[in-house]
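The task is simple: from the sequences and hints, build the whole structure.
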Amino acid sequence: MSSIIDEEFAFRLEQEIQRCLAAWKIRGASVIIVKHDSHNILTFGQRDEHSPVTPTTRFALASNSKLITALLLVRALASNSPPLPVNTPIKDILPSFRLANPLAEAECTVEDILSHRTGLPGYDEMFEPGYVMGELVERLATLELSGGFRERHQYNSILFDLAAILVEKLTGQAFDVYAHEQLFQPLGLTSATFYHTSDQGEFAKSFWQRVDQNGEGDEGRWIEYGIERCQGAIGTGRLWMDSNDMAKWIQALPSIPEYAEAVISRTIAGAAGGLEFPDQTVLYGLATRTSTHLGVLIHEHGGEIPGFLSKVARLPQYNAGFAILCNSDPGGKYLRALVKCRMIEYFASLPRKDWFAVLDAKRQDAFRSFSAVSVRAPSTSDEHAVDASSLVGIWSSPGFATWIIDHHQVVPSLPAEMGSLPFVASLYGSVKLIFSPAPSSLLEDGSTNGRKKGERWNGCKTWTSSDTGEVFFGDPFDIEVVDNDRIKVVGMTGVGEGLSEEDWPIWFSRSVGVC
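Throughout the sequence shown, residue numbering follows the numbering used here, covering 12 to 526 in sequence.
Where hints are given, some of them may not hold.
[Said to hold, decoys possible] Straight-line alpha carbon distances no greater than 20 Å define the calculated DMTMM-like cross-link-like pairs of lysine to aspartate or glutamate that follow: (1) LYS180 - GLU149; (2) LYS472 - GLU136; (3) LYS364 - GLU287; (4) LYS259 - ASP48; (5) LYS472 - ASP135.
Keep in mind the hints are simulated off the structure, nothing from the lab.
Below you can see the structure in the form of C-alpha coordinates.
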(Lines of atoms letter the chains of each structure in order from A and count residues from 1; the text may use other names and numbers.)
(Lines give C-alpha, C1' and ligand atoms only; values in the text may rest on other atoms or scores of the structure.)
Protein backbone atom coordinates (compact mmCIF):
# COMPACT_ATOMS: atom_id res chain seq x y z
CA MET A 1 0.00 0.00 0.00
CA SER A 2 1.13 3.52 -0.78
CA SER A 3 0.27 6.53 1.37
CA ILE A 4 -3.09 7.10 -0.35
CA ILE A 5 -4.90 5.10 2.33
CA ASP A 6 -3.50 4.09 5.68
CA GLU A 7 -2.99 0.48 6.68
CA GLU A 8 -5.84 0.36 9.18
CA PHE A 9 -8.38 1.70 6.68
CA ALA A 10 -7.08 -0.64 3.97
CA PHE A 11 -7.38 -3.65 6.28
CA ARG A 12 -10.92 -2.79 7.37
CA LEU A 13 -12.00 -2.08 3.78
CA GLU A 14 -10.63 -5.39 2.54
CA GLN A 15 -12.34 -7.29 5.36
CA GLU A 16 -15.64 -5.55 4.69
CA ILE A 17 -15.49 -6.21 0.96
CA GLN A 18 -14.79 -9.89 1.62
CA ARG A 19 -17.88 -9.91 3.81
CA CYS A 20 -19.90 -8.37 0.98
CA LEU A 21 -18.65 -10.95 -1.51
CA ALA A 22 -19.85 -13.77 0.72
CA ALA A 23 -23.17 -12.22 1.77
CA TRP A 24 -24.21 -10.79 -1.59
CA LYS A 25 -23.02 -13.59 -3.89
CA ILE A 26 -20.38 -11.50 -5.62
CA ARG A 27 -17.83 -13.45 -7.62
CA GLY A 28 -15.22 -10.79 -8.41
CA ALA A 29 -14.43 -7.10 -7.99
CA SER A 30 -11.71 -4.50 -8.23
CA VAL A 31 -11.46 -1.25 -6.28
CA ILE A 32 -9.30 1.54 -7.68
CA ILE A 33 -8.34 4.46 -5.42
CA VAL A 34 -6.61 7.55 -6.80
CA LYS A 35 -5.13 10.67 -5.19
CA HIS A 36 -2.95 13.11 -7.10
CA ASP A 37 -0.56 10.95 -9.16
CA SER A 38 -0.71 7.84 -6.98
CA HIS A 39 -3.15 4.97 -6.91
CA ASN A 40 -4.01 1.73 -5.15
CA ILE A 41 -5.75 -1.27 -6.68
CA LEU A 42 -7.47 -3.90 -4.54
CA THR A 43 -8.70 -7.04 -6.30
CA PHE A 44 -11.06 -9.68 -5.00
CA GLY A 45 -12.47 -13.03 -6.07
CA GLN A 46 -12.80 -14.61 -9.48
CA ARG A 47 -13.02 -13.12 -12.95
CA ASP A 48 -14.54 -16.37 -14.26
CA GLU A 49 -14.97 -19.99 -13.19
CA HIS A 50 -11.22 -20.63 -13.12
CA SER A 51 -9.14 -17.45 -12.74
CA PRO A 52 -8.76 -14.70 -10.13
CA VAL A 53 -9.34 -10.99 -10.71
CA THR A 54 -6.06 -9.13 -11.29
CA PRO A 55 -5.25 -5.48 -12.11
CA THR A 56 -5.19 -6.49 -15.80
CA THR A 57 -8.67 -8.05 -15.77
CA ARG A 58 -10.94 -6.10 -18.09
CA PHE A 59 -14.45 -5.35 -16.88
CA ALA A 60 -17.44 -4.13 -18.90
CA LEU A 61 -18.06 -0.51 -17.88
CA ALA A 62 -21.67 -0.41 -19.15
CA SER A 63 -22.97 3.18 -18.89
CA ASN A 64 -19.62 4.48 -17.68
CA SER A 65 -18.88 4.35 -21.40
CA LYS A 66 -21.16 7.36 -21.83
CA LEU A 67 -18.64 9.90 -20.53
CA ILE A 68 -16.21 8.77 -23.24
CA THR A 69 -18.93 9.36 -25.82
CA ALA A 70 -19.76 12.79 -24.42
CA LEU A 71 -16.13 13.95 -24.33
CA LEU A 72 -15.52 12.74 -27.88
CA LEU A 73 -18.60 14.52 -29.22
CA VAL A 74 -17.68 17.80 -27.49
CA ARG A 75 -14.18 17.49 -28.94
CA ALA A 76 -15.51 16.75 -32.42
CA LEU A 77 -17.68 19.87 -32.21
CA ALA A 78 -14.75 22.03 -31.12
CA SER A 79 -12.56 20.62 -33.89
CA ASN A 80 -15.06 21.54 -36.57
CA SER A 81 -14.36 24.51 -38.83
CA PRO A 82 -15.80 26.75 -37.54
CA PRO A 83 -15.94 25.31 -33.99
CA LEU A 84 -19.43 24.41 -32.80
CA PRO A 85 -20.78 24.80 -29.24
CA VAL A 86 -22.62 22.09 -27.31
CA ASN A 87 -25.92 23.91 -27.87
CA THR A 88 -25.66 23.27 -31.60
CA PRO A 89 -28.97 21.84 -32.91
CA ILE A 90 -28.74 18.21 -34.01
CA LYS A 91 -30.35 19.06 -37.34
CA ASP A 92 -27.48 21.43 -38.14
CA ILE A 93 -25.17 18.42 -38.03
CA LEU A 94 -27.54 15.69 -39.18
CA PRO A 95 -30.39 17.11 -41.31
CA SER A 96 -32.13 13.71 -41.40
CA PHE A 97 -32.68 13.81 -37.62
CA ARG A 98 -36.36 13.52 -36.71
CA LEU A 99 -38.40 13.37 -33.52
CA ALA A 100 -42.13 12.84 -33.11
CA ASN A 101 -42.43 16.25 -31.43
CA PRO A 102 -41.78 19.04 -34.01
CA LEU A 103 -40.52 21.51 -31.39
CA ALA A 104 -38.12 18.97 -29.91
CA GLU A 105 -36.93 18.03 -33.38
CA ALA A 106 -36.17 21.63 -34.34
CA GLU A 107 -34.61 22.71 -31.05
CA CYS A 108 -32.88 19.56 -29.77
CA THR A 109 -29.15 20.15 -29.26
CA VAL A 110 -26.09 18.09 -28.47
CA GLU A 111 -26.29 18.99 -24.78
CA ASP A 112 -29.94 17.93 -24.72
CA ILE A 113 -29.16 14.37 -25.78
CA LEU A 114 -26.09 14.12 -23.53
CA SER A 115 -28.01 15.33 -20.46
CA HIS A 116 -31.20 13.26 -20.97
CA ARG A 117 -33.63 16.16 -21.35
CA THR A 118 -35.16 15.52 -24.79
CA GLY A 119 -38.43 14.09 -23.45
CA LEU A 120 -37.68 10.61 -24.79
CA PRO A 121 -38.05 7.83 -22.20
CA GLY A 122 -35.69 4.87 -22.03
CA TYR A 123 -37.10 2.49 -24.67
CA ASP A 124 -34.39 0.06 -23.51
CA GLU A 125 -36.14 -2.89 -25.14
CA MET A 126 -34.85 -1.57 -28.46
CA PHE A 127 -31.44 -3.04 -27.58
CA GLU A 128 -32.49 -6.51 -28.73
CA PRO A 129 -30.60 -8.79 -31.13
CA GLY A 130 -32.22 -7.14 -34.15
CA TYR A 131 -31.08 -3.64 -33.17
CA VAL A 132 -28.84 -1.98 -35.78
CA MET A 133 -27.34 1.41 -34.94
CA GLY A 134 -27.49 2.46 -38.59
CA GLU A 135 -31.31 2.37 -38.40
CA LEU A 136 -31.53 4.49 -35.25
CA VAL A 137 -32.13 7.88 -36.89
CA GLU A 138 -35.09 6.51 -38.83
CA ARG A 139 -36.54 4.77 -35.77
CA LEU A 140 -36.26 7.85 -33.55
CA ALA A 141 -38.70 9.70 -35.79
CA THR A 142 -41.61 7.53 -34.66
CA LEU A 143 -40.93 7.11 -30.93
CA GLU A 144 -43.35 9.01 -28.71
CA LEU A 145 -41.93 11.45 -26.18
CA SER A 146 -43.22 10.86 -22.65
CA GLY A 147 -42.13 14.16 -21.19
CA GLY A 148 -42.10 17.72 -22.38
CA PHE A 149 -38.98 18.83 -24.21
CA ARG A 150 -36.43 20.07 -21.63
CA GLU A 151 -39.02 19.73 -18.86
CA ARG A 152 -37.44 16.88 -16.89
CA HIS A 153 -34.58 14.40 -16.71
CA GLN A 154 -35.42 11.09 -18.39
CA TYR A 155 -32.50 8.69 -18.66
CA ASN A 156 -32.18 7.53 -22.25
CA SER A 157 -29.37 5.32 -23.51
CA ILE A 158 -30.24 5.09 -27.19
CA LEU A 159 -29.44 8.77 -27.74
CA PHE A 160 -25.81 8.07 -26.85
CA ASP A 161 -25.71 5.89 -29.95
CA LEU A 162 -26.99 8.95 -31.80
CA ALA A 163 -24.07 10.84 -30.21
CA ALA A 164 -21.68 8.25 -31.67
CA ILE A 165 -23.30 8.76 -35.07
CA LEU A 166 -22.75 12.52 -34.72
CA VAL A 167 -19.06 11.95 -33.91
CA GLU A 168 -18.70 9.95 -37.10
CA LYS A 169 -20.56 12.60 -39.11
CA LEU A 170 -18.36 15.43 -37.77
CA THR A 171 -15.02 13.63 -38.03
CA GLY A 172 -15.44 11.28 -40.98
CA GLN A 173 -13.96 8.52 -38.80
CA ALA A 174 -15.44 5.42 -37.23
CA PHE A 175 -16.35 6.09 -33.61
CA ASP A 176 -14.00 3.48 -32.18
CA VAL A 177 -11.10 4.72 -34.31
CA TYR A 178 -11.67 8.31 -33.16
CA ALA A 179 -11.83 7.16 -29.52
CA HIS A 180 -8.49 5.37 -29.78
CA GLU A 181 -6.86 8.28 -31.60
CA GLN A 182 -8.14 11.04 -29.32
CA LEU A 183 -8.25 9.42 -25.87
CA PHE A 184 -7.05 5.86 -25.50
CA GLN A 185 -3.67 6.17 -27.23
CA PRO A 186 -2.67 9.58 -25.81
CA LEU A 187 -3.55 8.45 -22.28
CA GLY A 188 -1.94 5.04 -22.61
CA LEU A 189 -5.20 3.15 -22.06
CA THR A 190 -3.98 -0.01 -23.76
CA SER A 191 -6.74 -2.23 -22.38
CA ALA A 192 -9.64 0.00 -23.48
CA THR A 193 -11.72 -1.66 -26.17
CA PHE A 194 -15.29 -1.72 -27.43
CA TYR A 195 -14.97 -5.33 -28.54
CA HIS A 196 -15.09 -8.24 -26.15
CA THR A 197 -12.91 -11.12 -27.32
CA SER A 198 -12.46 -13.61 -24.52
CA ASP A 199 -9.42 -15.28 -26.09
CA GLN A 200 -7.41 -12.05 -26.20
CA GLY A 201 -6.50 -10.88 -22.71
CA GLU A 202 -8.20 -11.19 -19.36
CA PHE A 203 -11.91 -10.49 -19.72
CA ALA A 204 -14.16 -10.91 -16.72
CA LYS A 205 -17.21 -13.10 -17.14
CA SER A 206 -20.58 -11.96 -15.85
CA PHE A 207 -22.39 -13.59 -12.95
CA TRP A 208 -26.15 -13.10 -12.57
CA GLN A 209 -28.38 -13.99 -9.63
CA ARG A 210 -32.13 -14.36 -10.07
CA VAL A 211 -34.61 -13.17 -7.47
CA ASP A 212 -37.71 -15.37 -7.35
CA GLN A 213 -41.38 -14.73 -6.60
CA ASN A 214 -40.77 -15.16 -2.88
CA GLY A 215 -38.12 -12.45 -2.81
CA GLU A 216 -35.31 -14.98 -2.45
CA GLY A 217 -32.09 -14.84 -4.44
CA ASP A 218 -30.88 -18.11 -5.94
CA GLU A 219 -27.28 -19.35 -6.13
CA GLY A 220 -26.67 -17.54 -9.42
CA ARG A 221 -24.97 -18.59 -12.64
CA TRP A 222 -22.27 -17.44 -15.04
CA ILE A 223 -23.66 -15.91 -18.25
CA GLU A 224 -21.97 -14.77 -21.43
CA TYR A 225 -21.68 -11.09 -22.34
CA GLY A 226 -24.82 -10.27 -24.32
CA ILE A 227 -24.46 -6.71 -25.63
CA GLU A 228 -22.60 -7.77 -28.75
CA ARG A 229 -25.67 -9.69 -29.90
CA CYS A 230 -27.03 -6.32 -31.07
CA GLN A 231 -25.37 -4.26 -33.79
CA GLY A 232 -24.90 -1.10 -31.80
CA ALA A 233 -24.62 0.30 -28.27
CA ILE A 234 -21.06 1.48 -28.98
CA GLY A 235 -21.90 4.98 -27.77
CA THR A 236 -23.98 3.67 -24.92
CA GLY A 237 -22.25 0.93 -23.01
CA ARG A 238 -19.79 -1.39 -24.77
CA LEU A 239 -16.47 -0.20 -23.37
CA TRP A 240 -14.12 -2.54 -21.47
CA MET A 241 -11.16 -1.45 -19.36
CA ASP A 242 -8.83 -2.94 -16.75
CA SER A 243 -8.01 -1.51 -13.33
CA ASN A 244 -4.57 -0.18 -14.30
CA ASP A 245 -6.10 1.90 -17.07
CA MET A 246 -9.03 2.94 -14.90
CA ALA A 247 -6.53 4.52 -12.49
CA LYS A 248 -4.98 6.44 -15.40
CA TRP A 249 -8.43 7.50 -16.59
CA ILE A 250 -9.53 8.92 -13.24
CA GLN A 251 -6.22 10.76 -12.85
CA ALA A 252 -6.44 12.19 -16.38
CA LEU A 253 -10.02 13.50 -16.25
CA PRO A 254 -9.26 16.98 -14.83
CA SER A 255 -6.68 17.55 -17.57
CA ILE A 256 -9.09 16.72 -20.41
CA PRO A 257 -10.49 20.08 -21.62
CA GLU A 258 -13.92 18.68 -22.43
CA TYR A 259 -14.36 17.32 -18.90
CA ALA A 260 -14.91 20.85 -17.57
CA GLU A 261 -17.90 21.06 -19.92
CA ALA A 262 -19.19 17.66 -18.82
CA VAL A 263 -19.45 18.53 -15.11
CA ILE A 264 -21.57 21.64 -15.70
CA SER A 265 -25.07 20.65 -14.56
CA ARG A 266 -27.92 20.87 -17.05
CA THR A 267 -30.80 19.03 -15.37
CA ILE A 268 -32.04 17.92 -11.98
CA ALA A 269 -31.98 14.15 -11.91
CA GLY A 270 -34.17 14.30 -8.81
CA ALA A 271 -33.96 13.44 -5.15
CA ALA A 272 -32.33 10.18 -6.08
CA GLY A 273 -28.94 10.00 -4.47
CA GLY A 274 -28.87 6.27 -4.96
CA LEU A 275 -28.94 3.55 -2.37
CA GLU A 276 -26.50 5.37 -0.14
CA PHE A 277 -27.84 8.95 0.07
CA PRO A 278 -31.51 8.72 -0.97
CA ASP A 279 -32.46 12.25 0.05
CA GLN A 280 -29.75 14.17 -1.75
CA THR A 281 -30.57 16.13 -4.89
CA VAL A 282 -28.61 14.94 -7.89
CA LEU A 283 -27.76 17.19 -10.83
CA TYR A 284 -26.75 15.92 -14.25
CA GLY A 285 -24.32 17.38 -16.76
CA LEU A 286 -23.00 15.57 -19.82
CA ALA A 287 -22.91 11.93 -18.75
CA THR A 288 -21.94 13.07 -15.25
CA ARG A 289 -23.94 13.11 -12.01
CA THR A 290 -23.11 15.78 -9.45
CA SER A 291 -24.14 15.81 -5.81
CA THR A 292 -22.85 16.65 -2.36
CA HIS A 293 -22.79 14.69 0.89
CA LEU A 294 -21.98 16.54 4.11
CA GLY A 295 -20.11 19.15 2.10
CA VAL A 296 -18.24 16.68 -0.12
CA LEU A 297 -18.65 17.40 -3.85
CA ILE A 298 -19.05 14.23 -5.93
CA HIS A 299 -18.82 13.87 -9.72
CA GLU A 300 -19.74 10.34 -10.72
CA HIS A 301 -21.57 7.93 -12.96
CA GLY A 302 -22.68 4.35 -12.66
CA GLY A 303 -22.84 1.47 -15.08
CA GLU A 304 -25.09 -1.57 -14.99
CA ILE A 305 -25.78 -4.43 -17.39
CA PRO A 306 -26.53 -8.06 -16.51
CA GLY A 307 -23.54 -9.36 -14.57
CA PHE A 308 -21.54 -6.12 -14.53
CA LEU A 309 -21.76 -3.15 -12.17
CA SER A 310 -19.41 -0.17 -12.06
CA LYS A 311 -18.98 3.20 -10.39
CA VAL A 312 -16.45 5.86 -11.41
CA ALA A 313 -16.19 8.97 -9.24
CA ARG A 314 -14.04 12.01 -8.54
CA LEU A 315 -13.89 14.06 -5.35
CA PRO A 316 -12.42 17.32 -6.71
CA GLN A 317 -11.90 18.94 -3.28
CA TYR A 318 -9.34 16.24 -2.48
CA ASN A 319 -7.96 15.72 -5.99
CA ALA A 320 -8.99 12.14 -5.47
CA GLY A 321 -11.21 9.57 -7.08
CA PHE A 322 -12.18 5.95 -7.07
CA ALA A 323 -13.82 3.25 -9.13
CA ILE A 324 -15.51 -0.05 -8.39
CA LEU A 325 -15.62 -2.70 -11.10
CA CYS A 326 -17.65 -5.83 -10.41
CA ASN A 327 -18.78 -8.86 -12.40
CA SER A 328 -21.80 -9.83 -10.28
CA ASP A 329 -25.42 -8.68 -10.47
CA PRO A 330 -27.31 -7.61 -8.41
CA GLY A 331 -24.79 -7.91 -5.56
CA GLY A 332 -22.39 -5.46 -7.21
CA LYS A 333 -25.01 -2.73 -6.96
CA TYR A 334 -24.68 -2.76 -3.18
CA LEU A 335 -20.92 -3.23 -3.17
CA ARG A 336 -20.32 -0.13 -5.29
CA ALA A 337 -22.55 1.89 -2.95
CA LEU A 338 -20.67 0.66 0.11
CA VAL A 339 -17.24 1.44 -1.36
CA LYS A 340 -18.43 4.91 -2.38
CA CYS A 341 -19.55 5.62 1.18
CA ARG A 342 -16.30 4.38 2.67
CA MET A 343 -14.16 6.44 0.29
CA ILE A 344 -16.10 9.63 1.04
CA GLU A 345 -15.79 8.97 4.76
CA TYR A 346 -12.06 8.40 4.43
CA PHE A 347 -11.11 11.40 2.32
CA ALA A 348 -13.45 13.79 4.20
CA SER A 349 -12.63 12.36 7.66
CA LEU A 350 -16.31 11.71 8.35
CA PRO A 351 -17.62 9.45 11.15
CA ARG A 352 -17.80 5.80 10.18
CA LYS A 353 -21.32 4.43 9.63
CA ASP A 354 -22.51 0.82 9.42
CA TRP A 355 -23.11 0.93 5.68
CA PHE A 356 -23.23 -2.83 5.36
CA ALA A 357 -26.34 -2.97 7.57
CA VAL A 358 -27.98 -0.05 5.73
CA LEU A 359 -27.35 -1.47 2.28
CA ASP A 360 -28.14 -5.07 3.16
CA ALA A 361 -31.55 -3.94 4.44
CA LYS A 362 -32.16 -2.14 1.14
CA ARG A 363 -31.07 -5.23 -0.77
CA GLN A 364 -33.59 -7.34 1.13
CA ASP A 365 -36.33 -4.77 0.50
CA ALA A 366 -35.54 -4.81 -3.22
CA PHE A 367 -35.66 -8.59 -3.30
CA ARG A 368 -39.00 -8.67 -1.49
CA SER A 369 -40.52 -6.36 -4.11
CA PHE A 370 -40.56 -9.25 -6.58
CA SER A 371 -43.13 -11.07 -4.45
CA ALA A 372 -45.63 -8.37 -5.41
CA VAL A 373 -45.81 -9.57 -9.02
CA SER A 374 -46.72 -13.20 -8.23
CA VAL A 375 -50.04 -14.32 -9.71
CA ARG A 376 -52.00 -17.54 -10.07
CA ALA A 377 -50.23 -20.36 -11.90
CA PRO A 378 -51.66 -21.51 -15.26
CA SER A 379 -53.89 -24.55 -15.22
CA THR A 380 -54.58 -26.87 -18.14
CA SER A 381 -57.79 -27.93 -16.42
CA ASP A 382 -59.53 -24.58 -16.79
CA GLU A 383 -62.98 -25.28 -18.15
CA HIS A 384 -63.25 -22.20 -20.27
CA ALA A 385 -61.18 -21.59 -23.35
CA VAL A 386 -59.73 -18.13 -23.68
CA ASP A 387 -61.05 -16.10 -26.58
CA ALA A 388 -57.89 -14.43 -27.86
CA SER A 389 -59.22 -13.22 -31.19
CA SER A 390 -58.76 -9.59 -30.19
CA LEU A 391 -55.07 -10.16 -29.47
CA VAL A 392 -53.86 -12.72 -31.99
CA GLY A 393 -52.20 -11.20 -35.03
CA ILE A 394 -49.30 -9.02 -36.11
CA TRP A 395 -48.86 -5.77 -34.21
CA SER A 396 -46.40 -3.01 -34.98
CA SER A 397 -45.13 -0.06 -32.99
CA PRO A 398 -43.01 1.88 -35.50
CA GLY A 399 -39.50 2.42 -34.24
CA PHE A 400 -39.99 0.16 -31.22
CA ALA A 401 -40.99 -3.40 -32.11
CA THR A 402 -43.21 -5.75 -34.10
CA TRP A 403 -45.07 -8.52 -32.26
CA ILE A 404 -46.46 -11.66 -33.84
CA ILE A 405 -48.96 -13.15 -31.38
CA ASP A 406 -50.48 -16.58 -31.94
CA HIS A 407 -52.90 -18.72 -29.91
CA HIS A 408 -50.07 -20.76 -28.37
CA GLN A 409 -48.89 -17.66 -26.48
CA VAL A 410 -52.23 -17.20 -24.73
CA VAL A 411 -52.71 -18.98 -21.39
CA PRO A 412 -55.52 -18.92 -18.81
CA SER A 413 -53.27 -17.09 -16.34
CA LEU A 414 -49.65 -16.06 -16.06
CA PRO A 415 -47.11 -18.20 -14.19
CA ALA A 416 -46.83 -17.79 -10.45
CA GLU A 417 -43.04 -18.17 -10.65
CA MET A 418 -42.50 -14.53 -11.64
CA GLY A 419 -39.12 -13.08 -10.74
CA SER A 420 -36.22 -11.03 -12.05
CA LEU A 421 -34.82 -11.42 -15.55
CA PRO A 422 -31.63 -10.01 -17.08
CA PHE A 423 -32.00 -6.46 -18.35
CA VAL A 424 -33.04 -6.77 -22.03
CA ALA A 425 -33.32 -10.52 -21.57
CA SER A 426 -33.29 -11.26 -25.32
CA LEU A 427 -29.56 -10.47 -25.38
CA TYR A 428 -28.94 -13.40 -23.03
CA GLY A 429 -31.24 -16.05 -24.47
CA SER A 430 -34.53 -16.49 -26.28
CA VAL A 431 -37.64 -14.60 -25.21
CA LYS A 432 -41.26 -15.45 -25.88
CA LEU A 433 -44.14 -13.26 -24.76
CA ILE A 434 -47.14 -14.93 -23.14
CA PHE A 435 -50.53 -13.38 -22.41
CA SER A 436 -53.55 -14.03 -20.23
CA PRO A 437 -56.84 -12.21 -19.66
CA ALA A 438 -56.62 -9.67 -16.88
CA PRO A 439 -58.98 -10.57 -14.02
CA SER A 440 -61.10 -7.48 -14.70
CA SER A 441 -61.71 -8.67 -18.27
CA LEU A 442 -63.17 -12.04 -17.32
CA LEU A 443 -66.90 -12.58 -16.91
CA GLU A 444 -68.28 -14.82 -14.18
CA ASP A 445 -68.05 -17.89 -16.41
CA GLY A 446 -64.35 -17.21 -17.07
CA SER A 447 -64.84 -16.14 -20.70
CA THR A 448 -64.27 -12.78 -22.32
CA ASN A 449 -67.63 -13.08 -24.13
CA GLY A 450 -66.04 -11.89 -27.34
CA ARG A 451 -65.48 -8.38 -26.01
CA LYS A 452 -62.94 -6.34 -27.94
CA LYS A 453 -62.87 -2.66 -27.05
CA GLY A 454 -61.58 -2.15 -23.53
CA GLU A 455 -60.50 -5.74 -23.13
CA ARG A 456 -57.47 -6.03 -20.85
CA TRP A 457 -54.65 -8.54 -20.83
CA ASN A 458 -51.63 -9.27 -18.68
CA GLY A 459 -48.34 -10.30 -20.25
CA CYS A 460 -44.85 -11.36 -19.29
CA LYS A 461 -41.66 -12.73 -20.81
CA THR A 462 -40.66 -16.37 -20.90
CA TRP A 463 -36.86 -16.35 -21.00
CA THR A 464 -34.69 -19.34 -21.86
CA SER A 465 -31.04 -18.81 -20.95
CA SER A 466 -28.63 -19.39 -23.83
CA ASP A 467 -25.99 -20.42 -21.27
CA THR A 468 -27.80 -22.83 -18.97
CA GLY A 469 -31.09 -23.63 -20.72
CA GLU A 470 -33.00 -22.52 -17.60
CA VAL A 471 -36.49 -21.11 -18.19
CA PHE A 472 -37.71 -18.17 -16.11
CA PHE A 473 -40.71 -15.83 -16.17
CA GLY A 474 -40.65 -12.09 -15.46
CA ASP A 475 -40.94 -8.50 -16.72
CA PRO A 476 -44.75 -8.27 -16.48
CA PHE A 477 -46.69 -5.73 -18.51
CA ASP A 478 -50.33 -4.85 -19.24
CA ILE A 479 -52.29 -4.49 -22.47
CA GLU A 480 -55.57 -2.78 -23.29
CA VAL A 481 -57.35 -3.49 -26.56
CA VAL A 482 -58.44 -0.01 -27.61
CA ASP A 483 -60.27 -1.22 -30.72
CA ASN A 484 -59.86 -3.94 -33.32
CA ASP A 485 -56.79 -2.25 -34.77
CA ARG A 486 -54.98 -0.75 -31.76
CA ILE A 487 -53.58 -1.90 -28.44
CA LYS A 488 -51.67 0.01 -25.80
CA VAL A 489 -48.93 -1.62 -23.74
CA VAL A 490 -48.01 -0.39 -20.26
CA GLY A 491 -44.74 -1.30 -18.59
CA MET A 492 -42.15 -1.15 -21.38
CA THR A 493 -41.55 2.57 -21.92
CA GLY A 494 -38.92 3.22 -19.24
CA VAL A 495 -40.13 6.65 -18.13
CA GLY A 496 -38.19 8.93 -15.84
CA GLU A 497 -38.63 9.86 -12.20
CA GLY A 498 -41.99 11.46 -11.43
CA LEU A 499 -43.72 9.89 -14.43
CA SER A 500 -46.00 6.87 -14.48
CA GLU A 501 -45.77 4.03 -17.00
CA GLU A 502 -49.58 4.01 -17.00
CA ASP A 503 -49.62 7.54 -18.42
CA TRP A 504 -47.14 6.75 -21.19
CA PRO A 505 -48.01 3.47 -22.90
CA ILE A 506 -46.53 2.17 -26.12
CA TRP A 507 -49.10 2.00 -28.92
CA PHE A 508 -49.24 -0.87 -31.38
CA SER A 509 -51.34 -1.04 -34.56
CA ARG A 510 -52.56 -4.20 -36.23
CA SER A 511 -50.62 -5.03 -39.39
CA VAL A 512 -51.97 -6.87 -42.39
CA GLY A 513 -50.55 -10.37 -42.56
CA VAL A 514 -51.07 -13.98 -41.70
CA CYS A 515 -50.17 -15.07 -38.18
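Tested hints:
Annotation: proposed proximity of LYS180 to GLU149 holds, straight-line Cα distance about 16 Å (limit 20 Å). In summary, the hint linking LYS472 to GLU136 is supported, as the alpha carbons are separated by about 12 Å, within the 20 Å threshold. Taking the CA atoms of LYS364 and GLU287, the gap is about 11 Å. The hint holds against a cut of 20 Å. As the CA atoms of LYS259 and ASP48 are separated by approximately 9 Å, the hinted pair is consistent with the 20 Å bound.
Restraint check: the Cα-Cα separation between LYS472 and ASP135 comes to about 15 Å, which is no more than 20 Å; the hinted pair holds.
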